[in-house]
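Asks: In order, the protein sequences belong to chains A and B.
Here the first sequence stands for residues 1 to 366, where the numbers follow UniProt numbering.
Here the second sequence stands for residues 1 to 366, where the numbers follow UniProt numbering.
Calculated from the structure, these hints are not laboratory results.
Among these hints, one or two may not hold up.
Any copy will do: because identical chains look the same in the list, a pair fits if it lies in one copy or spans two.
[What the hints assert, rightly or not] Only pairs whose alpha carbons sit at most 27 Å apart, straight line, appear in this in silico BS3-like list of lysine-lysine:
no., residue 1, residue 2
1, Lys133, Lys58
2, Lys52, Lys304
3, Lys139, Lys278
4, Lys139, Lys110
5, Lys345, Lys249
6, Lys352, Lys139
7, Lys87, Lys252
Just so we're clear, the structure is a prediction, and the values are computed from it rather than from any experiment.
Number of protein chains: 2
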Amino acid sequence: MTTPFNLKWGILATGGISHKFTKDILAPPSARNVADVSHTLVAVASSSSIDKAHAFIKDVEPELKTAQFQTGPVKPYGSYADLLKDKEVQIVYIGSPHSDHYLTALAALKAGKHVLCEKAFTLNAAQTEHLCKFAKSQKLFLMEAQWTRFFPNILQLQSLINSPNAPFGHIYRAFADFSIHVPANAQHRLYDPKQGGGALLDLGVYPILWMFILFYRHPDNALTPPTVTASVVNTPVTGVDEQDIVVLKWDKLGMQTTCSTSLVGRTEGSALIVYGEKGNILVPPPLSRPSSYTVHMHGEKPVKHELDIPGQGMHWEADFSARSIAKGELENAIMPHEESVQIMKVMDEVRKIGGVHYGELEDVVA
Amino acid sequence: MTTPFNLKWGILATGGISHKFTKDILAPPSARNVADVSHTLVAVASSSSIDKAHAFIKDVEPELKTAQFQTGPVKPYGSYADLLKDKEVQIVYIGSPHSDHYLTALAALKAGKHVLCEKAFTLNAAQTEHLCKFAKSQKLFLMEAQWTRFFPNILQLQSLINSPNAPFGHIYRAFADFSIHVPANAQHRLYDPKQGGGALLDLGVYPILWMFILFYRHPDNALTPPTVTASVVNTPVTGVDEQDIVVLKWDKLGMQTTCSTSLVGRTEGSALIVYGEKGNILVPPPLSRPSSYTVHMHGEKPVKHELDIPGQGMHWEADFSARSIAKGELENAIMPHEESVQIMKVMDEVRKIGGVHYGELEDVVA
Numbered sequence: 001m002t003t004p005f006n007l008k009w010g011i012l013a014t015g016g017i018s019h020k021f022t023k024d025i026l027a028p029p030s031a032r033n034v035a036d037v038s039h040t041l042v043a044v045a046s047s048s049s050i051d052k053a054h055a056f057i058k059d060v061e062p063e064l065k066t067a068q069f070q071t072g073p074v075k076p077y078g079s080y081a082d083l084l085k086d087k088e089v090q091i092v093y094i095g096s097p098h099s100d101h102y103l104t105a106l107a108a109l110k111a112g113k114h115v116l117c118e119k120a121f122t123l124n125a126a127q128t129e130h131l132c133k134f135a136k137s138q139k140l141f142l143m144e145a146q147w148t149r150f151f152p153n154i155l156q157l158q159s160l161i162n163s164p165n166a167p168f169g170h171i172y173r174a175f176a177d178f179s180i181h182v183p184a185n186a187q188h189r190l191y192d193p194k195q196g197g198g199a200l201l202d203l204g205v206y207p208i209l210w211m212f213i214l215f216y217r218h219p220d221n222a223l224t225p226p227t228v229t230a231s232v233v234n235t236p237v238t239g240v241d242e243q244d245i246v247v248l249k250w251d252k253l254g255m256q257t258t259c260s261t262s263l264v265g266r267t268e269g270s271a272l273i274v275y276g277e278k279g280n281i282l283v284p285p286p287l288s289r290p291s292s293y294t295v296h297m298h299g300e301k302p303v304k305h306e307l308d309i310p311g312q313g314m315h316w317e318a319d320f321s322a323r324s325i326a327k328g329e330l331e332n333a334i335m336p337h338e339e340s341v342q343i344m345k346v347m348d349e350v351r352k353i354g355g356v357h358y359g360e361l362e363d364v365v366a
Numbered sequence: 001m002t003t004p005f006n007l008k009w010g011i012l013a014t015g016g017i018s019h020k021f022t023k024d025i026l027a028p029p030s031a032r033n034v035a036d037v038s039h040t041l042v043a044v045a046s047s048s049s050i051d052k053a054h055a056f057i058k059d060v061e062p063e064l065k066t067a068q069f070q071t072g073p074v075k076p077y078g079s080y081a082d083l084l085k086d087k088e089v090q091i092v093y094i095g096s097p098h099s100d101h102y103l104t105a106l107a108a109l110k111a112g113k114h115v116l117c118e119k120a121f122t123l124n125a126a127q128t129e130h131l132c133k134f135a136k137s138q139k140l141f142l143m144e145a146q147w148t149r150f151f152p153n154i155l156q157l158q159s160l161i162n163s164p165n166a167p168f169g170h171i172y173r174a175f176a177d178f179s180i181h182v183p184a185n186a187q188h189r190l191y192d193p194k195q196g197g198g199a200l201l202d203l204g205v206y207p208i209l210w211m212f213i214l215f216y217r218h219p220d221n222a223l224t225p226p227t228v229t230a231s232v233v234n235t236p237v238t239g240v241d242e243q244d245i246v247v248l249k250w251d252k253l254g255m256q257t258t259c260s261t262s263l264v265g266r267t268e269g270s271a272l273i274v275y276g277e278k279g280n281i282l283v284p285p286p287l288s289r290p291s292s293y294t295v296h297m298h299g300e301k302p303v304k305h306e307l308d309i310p311g312q313g314m315h316w317e318a319d320f321s322a323r324s325i326a327k328g329e330l331e332n333a334i335m336p337h338e339e340s341v342q343i344m345k346v347m348d349e350v351r352k353i354g355g356v357h358y359g360e361l362e363d364v365v366a
């Protein structure tokens, strides 16, 4: 057995999503049958206080103790800038609010670090485009952390739908929903425009990315971006979108996909239904973490494909990041830059229709 | 017991829908607990041949024999004009293709007949508006045959949703679908633009009318028409819409409703789901003939309300037509002119987006 390629991580921001990601990369890769790559946690930074970084490290102590590839203690930092100076850090994971992603990713790239940045990637497509261009100019790996895309069952489903032998016949439509009830509160991140609040960037991005997973790279679509129509309900509290219905029309496929999201509601029944002439695919909620999908061919018994997800399931994107970096790739084929840009463009269009603006941070591009 | 008000019908067009309607009005009203109105079939006309009218009458012979209020034999006519001259006919039921509705209804009104005309009412809103205005000027009853609206369970559901004590909390969205697979065929009525073909007027009208049933007259909506966004897939065969997704946004209710329809697909699962903060309403397909609805309050056992539908269920609209005419009303409060116009306006907008035109018959208004 050859030694796995080991990737050394710095974690930027100490919120919930960073916790889940960190615990996932500290889990033994063998538990998910991975032997070619491994991960080491080098440092953690809070943007506001070193105490938060200390607390975060203390929180993940159990995972650190059992981690297979940990080479030493984790360094806490009280600012992102300090962590970015750490020569041992090869790649940073950015788990801060959306409004923070662009400038943080840019700083990390400027410091010579590879970057895996949470979805939604930035506040708009222009920022995403600039990040991607800059990363390439610096010969650094950059990827949007669309973790759901890297699930083994999703990759399977994607290749099934994109296969010329797909059994569903003409796929004529699909519906996807990601909705979670978050009581209206002007102080909450999800209701704050300055933090990229609203349903779209946080929840709505999932149904949209699912449609891209399934149809954007379909051989008949030939990477043609969908036509976007949207209907937006703005919250009376702060004006951000509390609910969106986005219809993506894929002209070359002769089909439509409906993406809905809500901060008022909650997903009921299937979170995704793909309607083919000969059968359907159903995915239960939540769309972010699909633990199964069911293929239901008309007149046949439904066949459920279940996936055992160790942890949260964010290690798979980390593994693929490591593989790309090991090979010297600047982007990963599963989540390439171009697709992040297209998804951000869809969201730009939805927001234009809904009149949602995130304030001055959105105008920063450079 | 007082004698019921009896309404004397002439049937225009001898297709499938006229058969169902005629059999329904010949059924004993007592079977649906109706005692105040009754119906008599006076005459049937085919626009092309008296033989078709003969055949139609022969087909409904069993129902004629058992009909409680039939006063004599039914007269066959080989043209609509001939039937319209029949002094015994008080009201005509128009069951011809959409493209025919406008001129046929206009001719009937000019002949002094009350009119019940199948949905979709006409090819566009301008035609509907003109019909309604003309009927009023002639002091004649006119109604679009949105038969689904008159089902007792729908009236119950409508009043439940419109009640200030509705148990669902804020209703934040609703999805409705009416899709039937009709193999593509340029000769088929549903694919022929000149006959008002496409999914919209025939099938798509149901999800749209359902949303109007539930929300247009909601006290907080105050008869405000919804904002329309739509995505249309045109069939390569003839260019009419083979699939539509129509999002209606009800600004005053802070909610969105999605209406989908397809000639490629078929409705799967519930045909309608109304999402409230505290519970949902589910209606099984087909939306045209809702035999039950289920109220599912979160955390409680779902409660199914079933309806025993005698026949097709088109007699209820006939009963309400009779009640209006008995009272001298020119329109019925359950399906008033204004709402037919608004629904046609929604469909005009969808077609504008989809670039669907039905040819020269659409331009006839006068």
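Asks: All hints are to be evaluated individually against the structure, with a verdict given for each.
Replies: Cross-check of the supplied hints:
1. Proximity of Lys133 and Lys58 under a CA criterion of 27 Å is satisfied in neither setting, with 37 Å inside one chain copy and 77 Å between copies.
2. In this assembly of identical chains, Lys52 and Lys304 lie within 27 Å of each other by CA distance neither inside one copy nor across copies; the values are 42 Å within and 52 Å between.
3. Taking CA atoms no more than 27 Å apart as the test, Lys139 paired with Lys278 passes in neither setting, with 46 Å inside one copy and 52 Å between copies.
4. Proximity of Lys139 and Lys110 under a CA criterion of 27 Å is satisfied intra-copy only: 11 Å inside one chain copy versus 79 Å between copies.
5. Taking CA atoms no more than 27 Å apart as the test, Lys345 paired with Lys249 passes in both settings, with 14 Å inside one copy and 23 Å between copies.
6. Taking CA atoms no more than 27 Å apart as the test, Lys352 paired with Lys139 passes in neither setting, with 33 Å inside one copy and 48 Å between copies.
7. In this homomeric assembly, Lys87 and Lys252 never come within 27 Å of each other (Cα to Cα): the closest approach is 48 Å inside a single copy and 57 Å across copies.
Checked against the numbered hints listed earlier, the structure breaks hints 1, 2, 3, 6, 7; every other hint is satisfied.
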